[in-house]
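Colleague: Sequence:
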Amino acid sequence: MGTLLRAVCNKCGYSNTVNFGAGMLNFTEVCNVPVINKKSGKLEIKNILDKDISKENYSFYNEPEMYQGEDSGKRHQWGDIFLSEERNLCPSCLRFTMNFEPEGFYD
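Counted from 1, the sequence shown has number 909 at position 66 by the working numbering; the numbering is strictly sequential.
Hints listed in this document are in silico derivations from the structure and should not be mistaken for laboratory results.
Just so it is clear, the structure is predicted and the values come from calculations on it, not from any experiment.
Mixed in with the good hints there might be a few duds.
[To be verified] Think about it this way: if two alpha-carbon atoms lie no more than 25 angstroms apart in a straight line, the pair counts; the simulated SDA-like pairs of lysine to any residue are:
1) Lys854 x Ile896
2) Lys882 x Gly866
3) Lys917 x Ser897
4) Lys881 x Met844
5) Lys885 x Phe903
6) Lys917 x Glu944
7) Lys881 x Val861
Start from the sequences, fold in the hints, and give me the full structure.
Modeller: Here is the structure:
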């Protein structure tokens, strides 16, 4: 079961709903992860397991440069992929003030 997350910036008020993980029918081939598109600067969702995705074009939020500070243990997990709940880079104000808050699940 995948997780619906609310990306919320505490500084500028940016807000967006994203999905993380995958559903029951495609969990072996899909792990949706929030990313920043390096060309547009927009928050998007990409399948990190897709071999055709160019990591040069996207910054995946599970990478250490996308969150600030030490791992507090507060994180979302899908298999061996982790997202920090706190201090993530906001695509709007470019500060490490965005949190991923759980909203629900999907399948």
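Colleague: Please go over all the hints and tell whether each is borne out by the structure.
Modeller: Going down the list of hints, with the structure as the test:
1. Lys854 x Ile896: Cα-Cα ~31 angstroms, so violated.
2. Lys882 x Gly866: Since the Cα atoms of Lys882 and Gly866 sit roughly 29 angstroms apart, the hinted pair is violated (cutoff 25 angstroms).
3. Lys917 x Ser897: Cα-Cα ~28 angstroms, so violated.
4. Lys881 x Met844: violated (29 angstroms)
5. Lys885 x Phe903: The given pair, whose Cα atoms are some 12 angstroms apart, holds under the 25 angstroms limit.
6. Lys917 x Glu944: Roughly 11 angstroms between the alpha carbons, so the hint for Lys917 and Glu944 holds.
7. Lys881 x Val861: holds (18 angstroms)
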